[in-house]
Each structure stands twice: as structure tokens, then as C-alpha cells.
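Undergrad: Line by line, the protein sequences give chains A and B. Counted the way the working numbering counts, the first sequence spans residues 108 to 314. Counted the way the working numbering counts, the second sequence spans residues 108 to 314.
Simulated from the structure, these hints should not be mistaken for lab results. Hints may contain errors.
Same chains, same label: a pair holds when it works inside one copy or across any pair of copies.
[To be verified] Here are the simulated SDA-like pairs of lysine to any residue, each with C-alpha atoms no more than 20 Å apart in a straight line:
hint	residue 1	residue 2
1	Lys170	Met290
2	Lys170	Arg246
3	Lys170	Ile298
4	Lys170	Pro296
5	Lys170	Leu145
6	Lys189	Gln293
7	Lys170	Ser301
8	Lys170	His297
There are 2 protein chains.
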Amino acid sequence: MLPKALIAAGTALQLLGLASAGFWESTTHLFRQAPVELPQPPIEARMIVHENEWGVLSTISHKVPGVPFGNVLSYSDGPRGKSWGRPFFYMRSDDPTAQDARANSNASLAVTEAQTGSCRQRHYDEEDPNCARLALAGRLLEVPAAELPSAHEALFSRHPQMIDWPPNHHFVAFELHIESIRMLDQYGPHIEISADDYYSATLHESP
Amino acid sequence: MLPKALIAAGTALQLLGLASAGFWESTTHLFRQAPVELPQPPIEARMIVHENEWGVLSTISHKVPGVPFGNVLSYSDGPRGKSWGRPFFYMRSDDPTAQDARANSNASLAVTEAQTGSCRQRHYDEEDPNCARLALAGRLLEVPAAELPSAHEALFSRHPQMIDWPPNHHFVAFELHIESIRMLDQYGPHIEISADDYYSATLHESP
Chain A
108 MLPKALIAAG TALQLLGLAS AGFWESTTHL FRQAPVELPQ PPIEARMIVH ENEWGVLSTI
168 SHKVPGVPFG NVLSYSDGPR GKSWGRPFFY MRSDDPTAQD ARANSNASLA VTEAQTGSCR
228 QRHYDEEDPN CARLALAGRL LEVPAAELPS AHEALFSRHP QMIDWPPNHH FVAFELHIES
288 IRMLDQYGPH IEISADDYYS ATLHESP
Chain B
108 MLPKALIAAG TALQLLGLAS AGFWESTTHL FRQAPVELPQ PPIEARMIVH ENEWGVLSTI
168 SHKVPGVPFG NVLSYSDGPR GKSWGRPFFY MRSDDPTAQD ARANSNASLA VTEAQTGSCR
228 QRHYDEEDPN CARLALAGRL LEVPAAELPS AHEALFSRHP QMIDWPPNHH FVAFELHIES
288 IRMLDQYGPH IEISADDYYS ATLHESP
């Protein structure tokens, strides 16, 4: 028997059409054509973060102070099926975003359902509010040694190529410590989600 | 007989696997598995901008000054097959990005080949340098009345749903006036592209 939380998360994933790659391709257009009961915003936010594997991470440029810089980067918030909600990144030490973060750790991560192709399949323009999207703002900090095993487990399980990235490029793990979240997921104003509600939402049973 | 510029652009598109939606799905994995001769950087940048239809537009938050905010937005740089290289956006007048831009027009747009699924098909992680990506920085300004016909032609041809978006939400057209471009498209450092080289690159013959 599946644990209740897993069933709840599974139902929620189905509503969003996030259950699996095969599910995306075959039946997502059946969902959310008409208004449906979405999961609670913190759970929906966690689902979108967990399902995606890359996003645009924005920082303030250290080269041209005051200018925002959005960088396409891979991330992982935990191994598939183990959502921790903590976005980890793996960047060259001299990546512009890494350098920006050392000078000013303010950062935000943008992710959208559009990345999976789900919105097009449901005939929603990427800017249609039914194509859910998130901006997660906080502090982008290097992962301390004690946390590296978790960061590496999250990153390398979702991005196995990273294990082979050249050591002479000095890749460094970063974590976005989320402080506020803005989500748009249906017609209406943006939803504000607190970091506490986001981090404490449960998607998966602990193993 | 096809005009020379169109043939050149067509060949370049094929190298990048950008020729058409069908082409993406069937044969892109054949390209760029081994090093290939890519088009000149300004042309490649223009191709990626023209092929994509949404991106993450980053501004400095007007609510929390000094904090970067990345917003997922649809855009168009011209009707399909007529690349003008000018990214036009269509936002609610009270969209946070529109409000940010009125307070501080510094903005940057992030787009990536990953959005089309091409990188996964070629077994490249989204952060692999072979998965080409761009950051276009400049000034995000409202489109003046004289330019609105062009902006609307660009936007509504690529995003026909926009025509029916509710008038009471007061949608406004914006253009990102590009001042500098940073591209990563193969192993090596980021490539800097000047706005002049970008805007003057030719992708399509004039009709």
C-alpha cells in the first residue's frame, strides 16, 4: 500500500500533469483545460521545482553593478522522488553567476511548467497564467563542506554528466537559500508563498 | 533559386538543428555530436532568439531594491521567417516586470536551446556548453505608438492567443533594446557579441 502522503502527492502531480515523462506526452492535455482543484500553493511550488532540472538564476552583475544577469543553469532539489526543496547548483568557480554571488548573494530562480513542454501540449501560451511559473528569491551561497554529500547526491543523481565535468574547471556547489516565492498558476494575482510553508510542505514520504 | 543569404541561414540552422519543429524531433541528434563549424556568433545568437518564443526576463525589483527578479515571459523578435532581432514583450501594465522597468530599465533576457528539447535529444545536460545559451542585456522600454504596428505584428503572429487577452488587464508592449550579449555555445569562455553585430546580422532576406 502506498503511504498516504505519496498518494496525495501523486494525485496532485496528475492534476498538474507532472507525474512522469510518459504521462506528459500522452495525457496532460486532459488536465487543466477546465478549472481544476490545484494542490496547495506550497506543494505546487515544490512539485514544479522538483520536476524541473534547470532554470534561470538571476543575480546582480559584479562587472556592471546594478545590472541584472540571468544565467541558464542546471539544478537539483533532491534525487528524483526525494524532494528536499533546496535548489543546488554546480558551477565553475569562475562562472559569472558564482562571481556575482560572492559579491552580492541576492539571487532569484525562475522555473516554469513550459520547460517540460506541458503548456504547449495543453495549448497554453507560456505567458498564460495556466502555465504555472515561479520566482524563488533568496541568497545564493556556496555549500559548506558538511552539506556537500547532500548537494552532490542531489546534483549527480539528476545530472549524471556532472560527475565527469573536468576537475581543472573547479566546479563549486551552491545552494539558493529561499526567502520568498512568487507563483502564478491560474488566473488571478501572483501568489506569495513563505519560505517556511515551502520548505515544510511534504511531497514524498521519507525513505 | 533561393537567395544566397537564405541558403546560408538555412545551412546554419541545420547545423544548429533549428530548421523546423519536425527537423528538431527527427534528426537534431545527428548534429553537433562531434565538433562542427558553427555559424558566426551574431548569426547564431539571432537564430536562437528567433527560434525561441519565451525566455526569462530579469529586472531589479522595484519592491525590494537591489534584488534581481527573473520573470518567465513570452516574446517575439519578428514573425517566423522574418527575424528582426528585436525582442518584443506583451505584459499587463501592472506586471511586476513592467513596474520594475518603469523604475529601472536595466534588464536582461535569458534564452537557451534547451527550451526546444534539442539539448536533451542530443544527450547534453542543459548546463553543458554544447547546449547554447544567451544573456541579452539592455534597456526594457515601452514601445512608442509609432512602433506598435511592428511590435503587434511580431507578437501576435507568434503568440496568437495574445490577441484575445482581456483588454481590462491593459496589456502593454515593451522592447528590450539590446546593448550587450553574452553567449556560451561550445567549450571555451563566454563569447561577447556587440549589439551592432547582433542587429546587423542577416538571417532572412527582406521580403
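Undergrad: What are the numbers of the hints the structure violates, in ascending order?
TA: 5, 6
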